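Engineer: If you want the building blocks of each chain, they are given just below.
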Amino acid sequence: MDEPTKTGDDARRVVSTRRMEAIVAALLLLFGALFLYQSYKLGFRWAVEGPQSGFFPFYVALIICGASASVLFGALRGHMGSDVETFVARGQLRQVLAVLIPAAVYILGIQLIGIYVASAIYISLFMRLMGKYSWVKSVALGVVICVLFFFMFEVWFQVPLYKGYWDVTQWTGY
Amino acid sequence: MQDLSLLFHGFAVVLSPFNIGLMLLGIVLGVIIGVLPGLGAANGIAILLPLTFTMPPTSAIIMLSCIYWGALFGGAIASILFNIPGEPWSVATTFDGYPLAQQGRAGEALTASFTSSFVGAFVAVVMITFLAPIIARFALQFGPPEYFSVYLLTFCSFVGMGKGSPAKILVSMMIGFALSTVGIDIVTGQLRMTFGFESLMKGFDFLIAVIGLFGIGEILLSMEEGLAFHGTSAKINPKVVFETWKKLPTYWMTFVRSTIIGCWMGITPGGATPASFMSYGAAKKFSKDGDRFGTGVLEGVVAPETAAHAAGTSALLPMITLGIPGSPTAAVLLGGLLIWGLQPGPLLFAEKPDFVWGLIASMYLGNVAGLIVVLSLVPLFAGILRIPFAIIAPVIIVICGIGAYTVNNSMHDIWFMLGFGVVGYVFKKLNYPLAPLVLALVLGNNAENAFRQAMLMSQGSLSILWSNGLVGGITTLALIMLFWPLISKLIHAVRPARPDKLAEQQPVD
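Residue numbers (the working numbering), protein chains in the order written: chain F, 13 to 186; chain W, 669 to 1177.
Chain W on its own, in the form it takes in the complex (with noise of 0.2 Å):
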């Protein structure tokens, strides 16, 4: 009951004029990034972040997690309308939603997509006001052992759930790790990994690699494609829009597995895209219409949208209560609470209650005031989309090399990001997955400490990580998790399995 009285304090915090501009501001920002290809959430924050080192902290974040809502309504416009995804969680939503948009149906399209969206995040925030504080107030009891194997759970789940070659997996993830080392050992005051470079000596700013590895390598990408967009255009009037809801609720069955996929994917990091495709792949397995899936089914988008969006917002879930993001945007949003000088973990709810219960109240009203702003500018954004390539590319690049210098007012660092965008180029054509590889720069120094911590607890024992049923069951899991390729190949030479047409259509994010 504390916490509830807590939440509605977090409704007051929110409810400030200039907090409310700020989440407008976000949502409209967000959408627009979502709708460009090019700029994802995760660049796009990574951007705007330096622009709120003045505001407080509060203020801050329900911009940036409004822009994530934002991002997270607009990749869908794209996808619908002019069948290129903007983010990569809104591929499965073309195979529906662009046939629909085909057949002069892109307002109803539109409509349960943003509907289901909001529907997914809704469920995931009420789950992340009940869950977190339990969570946070449990993790305090966390020591470095714990920490450590919460860490490992994090990095094999990304081996066990991943889609491509776990070697790859495996090879991002780690390049992630040494970048994480390169400049000052923390315990030791040492330098390491500069190879006697000046300019390494502050190490790697994961904000560059985010910008440069998914702005630049997917301007990049999109260039080889010589991008001019055929879309359909949209209008949604109350009309359609109220048709469509009297509609949806006959799909009630795929809502609640969608998000219940959505959720659980956000929370471990599976993350947004797998998530939208398992939801996808189930609703056509379970669904009557399940062989008219593909050819403009209303229930084709509302299965990967609510499940994106469970996923999108659940990731919020263990940044908050232990510090350990469940996706790059996750990432970047954590980098910015670092930035702020707050700790993100179980401490930050007995520290910060504003600014925790603040940013929870402003996920409940950051959607909704998302759902009402993408469903009366559709035209508006699906404007922008007409824009010609040849003015947005350049002007793409120069804002990320803005960002890029803006971080830590380094020179240095756009060529960085110039070359992290090389990188994210060739990593993206040969299907190397890019979200291990930030989530390992992110937290590359916070692990390496908690298992040096717990080495020094135990005498460099690593018995120390099953000294308990907590810390042994997590690091089992995380083991199996690990394995998991090899497990599942053993399975599947005892039971052969049909082949998944559908995930090969699924990208590596």
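Just chain F, same shape as in the assembly (with noise of 0.2 Å):
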């Protein structure tokens, strides 16, 4: 990750930590609500054989709407978060999304090739891309870090782990 020195283009903020902190706390008071509408129609109140099966998560969802009113009202009163302080700078943001995004393609991959092929295969990409290492390095480490887990998982633990939509370590017997 020798990343070049920060230019200006990098510093510059995505989002405030006060904007974030109003998103984030909307998000909950939506969570909060569903699980209030979901708990309603469970049915929160008693039966005959006592309380049903919506009692409990009506008061938790009713707490959660609270207390994420008060943060989402903290904060578009500007008590919360400040608008100086940076939730997330466009680098950041930038090295955050090199990692997630390739992490979901990787377990897309789990889905579809299994768990063995797709870490190898995540892991050299990661050494190559982010790390710069040469191809040799980075496909050698990958495989060998893979077979490890192969023998580790599915030989000594016997635990088999996903092999995948196309299974194609089936070779192996395993």
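Read the hints as simulated data drawn from the structure, not as lab findings.
Hints are not guaranteed to be accurate.
What the hints assert, rightly or not - Heads up, incomplete: computed chain W residues facing chain F, CB under 10 Å, no partners named:
# : residue
1 : L683
2 : F845
3 : F1095
4 : Q1127
As the list claims (entries may be wrong) - Once the Cα atoms are required to be at most 20 Å apart in a straight line, the calculated EDC-like pairs of lysine to aspartate or glutamate come out as:
#  : chain 1 : residue 1 : chain 2 : residue 2
5  : W       : K1096     : F       : D179
6  : F       : K144      : W       : E892
7  : W       : K1097     : F       : E61
8  : W       : K1097     : W       : E893
9  : W       : K1097     : F       : E97
10 : W       : K915      : W       : D957
11 : W       : K1096     : W       : D957
Stated by the list, open to error - Derived contacts from chain F toward chain W, CB cut-off under 10 Å, selection only:
#  : residue
12 : A38
13 : V72
14 : F161
15 : Q182
Computed from a predicted model, the values in this text were never measured in an experiment.
Just so it is clear, CB atoms sit at the ideal spot from N, CA and C, and this is done for glycine as well.
Since each chain comes alone in its own frame, lean on the hints to assemble the complex.
Structural biologist: So, in structure tokens, the structure goes:
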């Protein structure tokens, strides 16, 4: 990760802490409202046999709504989170997404070709693209680590891992 | 006296070659987990938990608890040598530990830190040995109202003793409870909160939440910095060790004070992180060298490390006696007990003495073994931090993915893990605490059942929570904790307090 030193563009902020504070609180409020609605539908009162299924979640959702509304209110009024403070700068966000998006693709890869092959490809590409290692080193380490995992899980501990939609490691017999 | 003979029986259980091997393996794995950023005790144990399903429970708990001790030791290595706290509870250790390392006294700092960790943990284990059977016997008389009031106290303590916004602590905790209700309601058998998605039928496993929130979230945070580690190297030789040991007895008062703070914060769900900060603050206040704290004083390493270890260890006391964990890591161990088919709580002492006393004996031996392992292998562990992040990061993500899959052999869980990772990243940056969320997710079902049963007993009247002295006392204490932020505001309005600079640097745990 020998990123060039932070340029002006990298340091520019994407969102301030206060705005992020408000966005997250609003999302949590929505989450609480959804749960409130669901527990209302389930029934949150007393039936003959005692409290209904929605009884406990109803009050939990009520507290979520109340507390997140207070955070939202604080953020809108300017009590919570500052305008000056940066929640995430552009360069930071790029770094985070550079891990997050490949991780999502990797998980999709697990679903299709199984944990072992997807992991080997993921580690190799990560080393090559983020760490600027040579192809030989990257691929070698990726393969070695995954072969090690294969023996550890399938052979020694006998915990079978996900082989994927197309089982490309079927020839190993595990 | 009977307890002591049970303890010796426990030692006999632990001292088999197989268990000793697992113990050493656990310690080494734990130190590695503690040193690496992105892998902490809680998610490290969560990932390794599925590997122990086939082991006998006693051996499994020995290995997992030793990972915990190892992680507690390991956090200090990264703090002192690299100024990067490997774990949140070792943030306070960086204040004096890193300056000491820069002065070339890393060996002294590490020895002092390991030794004080050991002392803190040892006293906490002695306390557990004597208190656990008493509490367990006492708790046998608990009914649903008592249990619910203890749960209430646990969760209200987060609000009362936590740092940061009470509203955020509440939100985080209630999200945990809300997620715990997803799936089948075990009382009525009804499906609830699934919003029609079949994949939500089994609910959210808290191990997935732990791996995502702490593992993936931490990696995303570390990536922001574009991590490159710059550290000092350390050599520990017996001479340095013995010379440091000669100095340590002069700090006996710091040891006593920090151990008391640590044990208290561990039993109540304050946790190791606030304990280490409180203890550092107290040492700074009462020490003769108070002004020199922060420039590299040995006492400034002793205080937080003693308290963190005492707290980390005593967090297991409520876990084994009441089934209520005092920290996320204790919660993961509790999850392990349930998976191995053991019901944590007072009955465990009567039904599985081998297991309980084996665990307690392994705490003694694990800490002795841990001290020896870390003192002799420091350069090796410090070397791990020199592996470039571009190799470590993808490997940790792969390990998290495998760990998430093995919990229930479910592909959905890996996606949930990623989701929890994003939540963990955002929450951490906005100072929403994660520990209450995890504990609520673990205890949600039990707390709800205790509440429903208590309500059934009283036909829906809350007065049952004050029906006798015991339950009334606990409930009242819980409410005081819940409203403590308001109460302390009132007190401060009458008597303004001095601003606390130290508290500002404390991470929200």
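Engineer: Each of the hints needs a verdict: does it hold here or not?
Structural biologist: Each hint tested on the structure:
no., hint, verdict
1, L683, "25 Å, violated"
2, F845, "5 Å, holds"
3, F1095, "8 Å, holds"
4, Q1127, "9 Å, holds"
5, K1096(W) / D179(F), "38 Å, violated"
6, K144(F) / E892(W), "18 Å, holds"
7, K1097(W) / E61(F), "45 Å, violated"
8, K1097(W) / E893(W), "13 Å, holds"
9, K1097(W) / E97(F), "12 Å, holds"
10, K915(W) / D957(W), "15 Å, holds"
11, K1096(W) / D957(W), "34 Å, violated"
12, A38, "12 Å, violated"
13, V72, "5 Å, holds"
14, F161, "7 Å, holds"
15, Q182, "18 Å, violated"
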